[in-house]
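**Q** Sequence:
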Amino acid sequence: MITKRIPLTKLVEKYYSTDDEKAEVDNLANRLLTQQQYDAKLKAASNK
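Residues in the sequence shown are numbered consecutively from 69, following this note's numbering.
It should be emphasised that the hints constitute simulated quantities derived from the structure, not laboratory data. Watch out, some of these pointers could steer you wrong.
[To be verified] Straight-line Cα separation of at most 30 Å, DSBU-like style, residue types lysine-lysine; simulated pairs: (1) Lys90 / Lys72; (2) Lys109 / Lys90; (3) Lys82 / Lys72; (4) Lys109 / Lys72; (5) Lys90 / Lys78.
[Claimed, not checked] Ranges between beta-carbon positions, derived for each pair: (6) Lys116 / Asp88: 35 to 45 Å; (7) Lys116 / Thr86: 35 to 45 Å; (8) Lys116 / Leu76: 36 to 46 Å.
Where a beta carbon is used, it is the ideal one built from N, C-alpha and C, also for glycine.
Could you put together the complete structure from these sequences and hints?
**A** Here it is in structure tokens:
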């Protein structure tokens, strides 16, 4: 694994400038889980 640090402004310029890009990024962001949600989902899956 390699860790890279990229300034947020660079990411916005590259991936969040057109309406289509904004829609795609917003859709992906809305699907992200909080740590608490992820832990609960993982716990529920391990109890099956």
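**Q** All hints are to be evaluated individually against the structure, with a verdict given for each.
**A** Do the hints match the structure? See the list:
| no. | hint | result |
| --- | --- | --- |
| 1 | Lys90 / Lys72 | holds (23 Å) |
| 2 | Lys109 / Lys90 | holds (28 Å) |
| 3 | Lys82 / Lys72 | holds (16 Å) |
| 4 | Lys109 / Lys72 | holds (28 Å) |
| 5 | Lys90 / Lys78 | holds (14 Å) |
| 6 | Lys116 / Asp88: 35 to 45 Å | holds (38 Å) |
| 7 | Lys116 / Thr86: 35 to 45 Å | holds (42 Å) |
| 8 | Lys116 / Leu76: 36 to 46 Å | holds (38 Å) |
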